[in-house]
Amino acid sequence: TSKSDLILRDLDLLVEINRHNDFQVNITVTTMQARLAQLLESRAPRPDLRIQAAAEIARAGVPVAIFAMPVLPEITDSRRNLDAVARAASCAGAGHFAVQALFLMPSAQATFFPLLQQEFPELVERYRRLYARGAYLSAQYRTRIETLASELRRKYRLTGRLRPYSPEAFAPSPQMPLF
Numbered sequence: 225t226s227k228s229d230l231i232l233r234d235l236d237l238l239v240e241i242n243r244h245n246d247f248q249v250n251i252t253v254t255t256m257q258a259r260l261a262q263l264l265e266s267r268a269p270r271p272d273l274r275i276q277a278a279a280e281i282a283r284a285g286v287p288v289a290i291f292a293m294p295v296l297p298e299i300t301d302s303r304r305n306l307d308a309v310a311r312a313a314s315c316a317g318a319g320h321f322a323v324q325a326l327f328l329m330p331s332a333q334a335t336f337f338p339l340l341q342q343e344f345p346e347l348v349e350r351y352r353r354l355y356a357r358g359a360y361l362s363a364q365y366r367t368r369i370e371t372l373a374s375e376l377r378r379k380y381r382l383t384g385r386l387r388p389y390s391p392e393a394f395a396p397s398p399q400m401p402l403f
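Numbering (this note's numbering), first residue to last: 225 to 403.
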């Protein structure tokens with residue numbers, strides 16, 4: 225999984241690995257909005273560059289998935305935002321689209337909350353309430369996000385798995401002797 229278009233430097237290697245292995249490249253894109261992406265992922269390349277990288281990898285015959293992770297409540301969780309990412313994934317030739325709600329351990333809150341205070345001060349108290357009892361959002365919220373993602377996967381035909389495993393991959397093999 226990568227957040228960078230620099231993965232293209234290894235495209236020949238990725239193609240070779242894919243030729244002989246069960247393999248997929250996952251690229252994280254949380255939003256297609258360049259300004260918002262810059263706020264949230266200041267050191268990562270722009271989303272359009274990551275999508276272009278996904279397209280080049282897919283054209284080379286290597287399976288690609290786009291990961292909209294983490295999904296941030298009231299920041300990147302709108303239907304409009306996730307639809308834009310799924311649409312871009314589809315146009316790039318990705319075979320799969322995945323989401324996961326923000327997981328926020330107390331140690332990560334110490335880093336994330338100051339960013340939230342600076343860029344989204346109106347959301348700080350809401351996030352404190354959402355994460356007061358633990359690092360995970362409610363099952364109801366996670367189900368809502370996954371249901372939306374399922375709809376988008378169907379809409380944009382992003383229903384591929386990582387890659388189906390052949391039964392031979394799990395066939396028993398004889399244990400070699402240790403001595």
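Just so you know, the hints here were simulated from the structure itself, not pulled from any lab data. Using N, Cα and C, we set each Cβ at its ideal position, and we do this for glycine too. A few of these clues could be false.
[Unchecked claim] SDA-like, lysine to any residue: derived pairs with alpha carbons at most 20 Å apart:
hint : residue 1 : residue 2
1    : Lys379    : Arg259
2    : Lys227    : Pro345
3    : Lys227    : His244
4    : Lys379    : Ile369
5    : Lys379    : Leu354
6    : Lys379    : Leu328
7    : Lys379    : Ala308
8    : Lys227    : Ser314
9    : Lys227    : Ile299
10   : Lys227    : Ser266
11   : Lys227    : Glu265
12   : Lys227    : Arg243
13   : Lys379    : Arg303
14   : Lys227    : Arg267
15   : Lys227    : Arg368
16   : Lys379    : Arg368
17   : Lys379    : Gln324
18   : Lys227    : Asn250
19   : Lys227    : Val239
20   : Lys227    : Arg259
21   : Lys379    : Ala322
22   : Lys227    : Glu375
23   : Lys227    : Val286
24   : Lys227    : Lys379
25   : Lys227    : Ala322
26   : Lys227    : Cys315
27   : Lys379    : Arg267
28   : Lys227    : Leu273
29   : Lys227    : Ala308
30   : Lys379    : Phe327
[Unchecked claim] Computed spacing ranges between beta-carbons, pair by pair:
hint : residue 1 : residue 2 : range
31   : Cys315    : Thr225    : 17 to 25 Å
32   : Arg311    : Gln341    : 27 to 35 Å
33   : Glu343    : His244    : 42 to 50 Å
34   : Asp236    : Arg368    : 39 to 47 Å
35   : Arg304    : Gln324    : 13 to 21 Å
36   : Phe344    : Leu402    : 14 to 22 Å
37   : Leu237    : Ala363    : 37 to 45 Å
38   : Leu347    : Arg233    : 16 to 24 Å
If you draw a straight line from the CA of Lys379 to the CA of Leu354, is it 20 Å or shorter?
Between Lys379 and Leu354 the Cα gap is close to 30 Å, so the pair fails against 20 Å, i.e. violated.
Hey, Lys227 versus Cys315, does the alpha-carbon distance stay inside 20 Å?
Distance ~18 Å between Lys227 and Cys315 Cα, so the pair holds.
State, for the Cβ atoms of Asp236 and Arg368, whether the hinted interval 39 to 47 Å holds or is violated.
holds, 41 Å
Are the Cα atoms of Lys227 and Ala322 separated by 20 Å or less?
Given that 20 Å is the threshold and the Cα spacing comes to 14 Å, the pair holds.
What's the verdict on Lys379 and Arg368, does the C-alpha distance respect the 20 Å limit or exceed it?
Between Lys379 and Arg368 the Cα gap is close to 17 Å, so the pair holds against 20 Å.
Would you check the hint for Lys227 and Pro345, treating anything up to 20 Å between C-alpha atoms as holding?
It is violated: about 26 Å lies between the C-alpha atoms, which goes past 20 Å.
Take the C-alpha atoms of Lys227 and Ala308, compute the straight-line distance between them, and say whether it is at most 20 Å.
holds, 17 Å
Lys227 and Asn250 were given as a pair; does the straight-line alpha-carbon distance stay at or below 20 Å?
holds, 9 Å
What's the verdict on Lys379 and Arg259, does the C-alpha distance respect the 20 Å limit or exceed it?
violated, 26 Å
Would you mind confirming whether the straight-line C-alpha gap from Lys379 to Arg303 stays at or under 20 Å?
Given pair Lys379, Arg303 holds - Cα atoms ~13 Å apart, limit 20 Å.
Given the hinted pair Lys379 and Ala322, is their Cα-Cα distance within 20 Å?
The hint holds at about 14 Å.
Taking 27 to 35 Å as the hint, is the beta-carbon distance of Arg311 and Gln341 inside that range?
holds, 32 Å
Hints 1, 2, 3, 5, 6, 12, 15, 22, 24, 27, 30, 36 and 38 from the earlier list are contradicted by this structure; the remaining hints agree with it.
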